[in-house]
Amino acid sequence: MSKILYVIDNNENKDYNYKIVEDTIIYHFSINSSSKVNIDLDKEGVSLYYYYSDINYEDNSFEIVVNHNKSNTHSEVINHGVNVLEKTLNFKVDGVVLKKSSKCICNQDNQIINMSNGKSTIFPNLLIDNYDVDSNHSAYIGKFRDEDIFYMESRGISRDACNRLLLNGFLISSDSIEYEKIKDFLLEIENI
Amino acid sequence: MLEIKNLCCNVKDEKENILEDFSLKIKKGEIHVIMGPNGTGKSTLAKVIMGHYKYEVSKGDILFDGESILNLSVSDRAKKGIFLCMQDPTVIEGVTNSEFLRTALGEVTGEKVNLYTFIKDMEKTMEEVNLNSNMLHRSLNMGFSGGEKKKNEILQLKILKPKFIILDELDSGLDVDSLRIVCQNINDYLEEYPDTAVLIITHYPRILEYIKPQYVHILKDKKILKTGGEELAFEIEKEGYKGVNIMIGNENHE
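Same order as they appear, the protein sequences are chains D and E.
Sequential numbering from 21 applies to the first sequence in my numbering.
Sequential numbering from 125 applies to the second sequence in my numbering.
If you are wondering where the hints come from, they were derived from the structure by calculation, not from laboratory data.
Treat the hints with care, as some may be off.
[What the hints assert, rightly or not] Derived DSS-like pairs: lysine-lysine, alpha-carbon spacing no greater than 30 Å straight-line: (1) D:Lys163 <-> E:Lys204; (2) E:Lys139 <-> D:Lys163; (3) E:Lys204 <-> E:Lys346; (4) E:Lys149 <-> E:Lys285; (5) E:Lys336 <-> E:Lys347; (6) D:Lys63 <-> D:Lys139; (7) E:Lys136 <-> D:Lys163; (8) E:Lys273 <-> E:Lys178; (9) E:Lys346 <-> D:Lys163; (10) E:Lys149 <-> D:Lys139; (11) E:Lys139 <-> E:Lys366; (12) E:Lys136 <-> E:Lys350; (13) E:Lys273 <-> D:Lys163; (14) E:Lys236 <-> D:Lys203; (15) E:Lys248 <-> E:Lys178; (16) E:Lys204 <-> E:Lys236; (17) E:Lys136 <-> D:Lys139; (18) D:Lys201 <-> E:Lys236; (19) E:Lys129 <-> E:Lys236; (20) E:Lys273 <-> D:Lys203; (21) E:Lys366 <-> E:Lys204; (22) E:Lys136 <-> E:Lys236; (23) D:Lys39 <-> D:Lys163; (24) E:Lys347 <-> E:Lys151; (25) E:Lys129 <-> E:Lys248; (26) D:Lys163 <-> D:Lys139; (27) E:Lys273 <-> E:Lys244.
[What the hints assert, rightly or not] What the simulated footprint calls covered on chain E by chain D, stretch by stretch (three residues with Cβ under 8 Å from a Cβ of chain D suffice, anywhere in the stretch; the number is not a length): (28) 193-200; (29) 203-211; (30) 223-232; (31) 330-336.
[Unchecked claim] A short list of chain D residues far from chain E (calculated; beta carbon distances all over 12 Å): (32) Asn31; (33) Asp60; (34) Val85; (35) Glu96; (36) His100; (37) Thr108; (38) Tyr151; (39) Ile161; (40) Asp166.
Nothing here was measured: the structure is a model prediction, and the numbers come from that model.
Quick reminder that beta carbons are idealized off the backbone N, C-alpha and C, glycines included.
Starting from the given sequences, assemble the full structure and let the hints guide the process.
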C-alpha cells in the first residue's frame with residue numbers, strides 16, 4: 021500500500037522537498053502557480069509516482085528533480101499542463117541516477133496543451149551515471165489532436181463538450197484520485 | 125434520405141479532385157454498397173459526408189432529409205442522425221468509454237441522461253455485441269483489439285440510434301466470428317428501425333454474406349462507373365476491377 025499525498029497550489033510560488041523512504045504517490049495540482057520540487061529516493065527499492073497537473077494563465081514554471089540515491093528505486097513522473105492564454109509555461113524535469121544506484125527505473129512523461137498561442141517549453145533531462153538503468157522520457161507541446169476532436173464530434177458531441185472531456189482526461193490522469201480532495205481544481209477545469 | 129449531387133471535393137489546399145461530379149441517392153431503408161480499387165476515394169466520400177476537416181467541397185451538394193448539410197458542423201450532422209462507423213477508430217487516452225458515450229447521448233437527444241438507465245442500457249448492449257463490461261470504464265478504444273474497436277463502434281451506433289449509417293471497411297480487422305456478431309447486431313438494428321439507410325464501403329463482398337444490399341456501386345475514376353445488385357460484388361471478386369472495365373466497355377484499363 022502506497023502513501024498518498026495531495027498538493028494543491030492556487031496562485032502561489034512554492035518549493036517542496038521530499039525524502040521518500042516508502043512507496044509514495046503524489047498528486048500535485050496547480051492553478052496558475054510556479055513551484056520547485058526536489059525529491060530524494062532515499063531507501064532501496066522504493067517507488068514514487070508523481071502526477072503534476074497544471075492550469076496556467078500567466079507566466080509560470082514548474083521544476084522537478086528526482087534523485088535516485090539508492091539502488092532499485094523507481095520513479096514515474098507524469099506532468100500535464102494546460103497553457104490557457106498567450107503566456108509562458110515552462111517545465112524543467114530532471115531524473116538523476118547516481119553511479120552508486122544500480123537497477124533503477126526512471127521514467128518521465130511531459131505534455132503541455134496550448135489552448136491559444138502561448139509559449140510553452142519542456143526540458144526533459146535524464147542525468148544517468150549508470151549502465152543498468154531502465155529509463156524513458158517523452159515531451160509533447162501542442163493542441164489536442166484534430167482527429168480526436170473529429171471522432172468525438174462525429175458522435176454528436178459539440179466542440180465545447182469535446183474540449184471539456186479532453187481537458188478532464190488530460191488533467192485528471194489517474195483513476196485513483198479522490199475527487200473530494202481536489203474540488204477547487206475540478207471547478208477550475210470547468211472555467212477554462 | 126441522402127442525396128449527393130455532382131459533388132467535387134479535394135484535400136484542403138490541394139487542387140486535384142478526389143471525387144468529381146459524384147452523385148448518389150439513398151432512400152429510407154435502403155442499403156447501398158460502394159466498392160472500388162484502393163485510392164479511389166471511398167473513405168474520402170464517407171469522411172466528406174461526415175464533414176471531416178481535411179477535405180473541402182468545391183462543387184455540388186449533400187442533402188440529408190432534403191436539406192444541405194455542407195455548412196453544418198460535424199456534431200450537427202451527427203445530431204441529424206448520420207453515423208460514421210470508422211475504419212480505424214481513434215484512441216483517446218483519459219476519456220472513458222462511459223463518459224464519452226454518455227456525453228454523446230445527452231447531446232444527440234438533447235436530454236439529461238439518467239446514469240442508472242444509461243449503465244443498464246450499456247451493460248445490455250455490451251453483452252449483445254460481446255464486449256466485456258469492464259471496457260466501459262477504460263479509455264476510449266485504448267488497448268482494444270481491432271475487433272473490439274469495431275464492436276465498440278457498433279455499441280455506439282446502438283446507443284445513439286442514427287437514421288443513416290456509413291460502414292467504412294467494417295470487416296477490416298474482424299475475424300469470422302466477430303464479423304458475424306457485428307453484422308447480426310446491425311441486422312437486428314435495421315429490423316428494429318427499418319427506415320434506417322446504410323452505406324457500406326468495402327473492398328470485399330465478405331460482409332455482403334451477412335448484410336444484404338439492394339444496390340452495389342463501383343467507384344472508379346472519381347465517380348460511380350457502374351451500379352448493379354448484390355451479384356455485381358461477387359462478379360468483382362471473381363473478375364477484379366479490370367473485369368468491370370471490360371463489362372462496361374471502359375477503355376481506361378489499369
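Results for each hint:
{"no.": "1", "hint": "D:Lys163 <-> E:Lys204", "result": "28 Å, holds"}
{"no.": "2", "hint": "E:Lys139 <-> D:Lys163", "result": "27 Å, holds"}
{"no.": "3", "hint": "E:Lys204 <-> E:Lys346", "result": "27 Å, holds"}
{"no.": "4", "hint": "E:Lys149 <-> E:Lys285", "result": "21 Å, holds"}
{"no.": "5", "hint": "E:Lys336 <-> E:Lys347", "result": "23 Å, holds"}
{"no.": "6", "hint": "D:Lys63 <-> D:Lys139", "result": "38 Å, violated"}
{"no.": "7", "hint": "E:Lys136 <-> D:Lys163", "result": "20 Å, holds"}
{"no.": "8", "hint": "E:Lys273 <-> E:Lys178", "result": "23 Å, holds"}
{"no.": "9", "hint": "E:Lys346 <-> D:Lys163", "result": "34 Å, violated"}
{"no.": "10", "hint": "E:Lys149 <-> D:Lys139", "result": "49 Å, violated"}
{"no.": "11", "hint": "E:Lys139 <-> E:Lys366", "result": "28 Å, holds"}
{"no.": "12", "hint": "E:Lys136 <-> E:Lys350", "result": "28 Å, holds"}
{"no.": "13", "hint": "E:Lys273 <-> D:Lys163", "result": "25 Å, holds"}
{"no.": "14", "hint": "E:Lys236 <-> D:Lys203", "result": "23 Å, holds"}
{"no.": "15", "hint": "E:Lys248 <-> E:Lys178", "result": "36 Å, violated"}
{"no.": "16", "hint": "E:Lys204 <-> E:Lys236", "result": "18 Å, holds"}
{"no.": "17", "hint": "E:Lys136 <-> D:Lys139", "result": "28 Å, holds"}
{"no.": "18", "hint": "D:Lys201 <-> E:Lys236", "result": "27 Å, holds"}
{"no.": "19", "hint": "E:Lys129 <-> E:Lys236", "result": "37 Å, violated"}
{"no.": "20", "hint": "E:Lys273 <-> D:Lys203", "result": "34 Å, violated"}
{"no.": "21", "hint": "E:Lys366 <-> E:Lys204", "result": "39 Å, violated"}
{"no.": "22", "hint": "E:Lys136 <-> E:Lys236", "result": "37 Å, violated"}
{"no.": "23", "hint": "D:Lys39 <-> D:Lys163", "result": "35 Å, violated"}
{"no.": "24", "hint": "E:Lys347 <-> E:Lys151", "result": "19 Å, holds"}
{"no.": "25", "hint": "E:Lys129 <-> E:Lys248", "result": "40 Å, violated"}
{"no.": "26", "hint": "D:Lys163 <-> D:Lys139", "result": "12 Å, holds"}
{"no.": "27", "hint": "E:Lys273 <-> E:Lys244", "result": "21 Å, holds"}
{"no.": "28", "hint": "193-200", "result": "holds (count 3)"}
{"no.": "29", "hint": "203-211", "result": "holds (count 4)"}
{"no.": "30", "hint": "223-232", "result": "holds (count 7)"}
{"no.": "31", "hint": "330-336", "result": "violated (count 0)"}
{"no.": "32", "hint": "Asn31", "result": "25 Å, holds"}
{"no.": "33", "hint": "Asp60", "result": "30 Å, holds"}
{"no.": "34", "hint": "Val85", "result": "26 Å, holds"}
{"no.": "35", "hint": "Glu96", "result": "15 Å, holds"}
{"no.": "36", "hint": "His100", "result": "9 Å, violated"}
{"no.": "37", "hint": "Thr108", "result": "25 Å, holds"}
{"no.": "38", "hint": "Tyr151", "result": "32 Å, holds"}
{"no.": "39", "hint": "Ile161", "result": "17 Å, holds"}
{"no.": "40", "hint": "Asp166", "result": "6 Å, violated"}
Comparing the model with each numbered hint stated earlier shows that hints 6, 9, 10, 15, 19, 20, 21, 22, 23, 25, 31, 36 and 40 do not hold.
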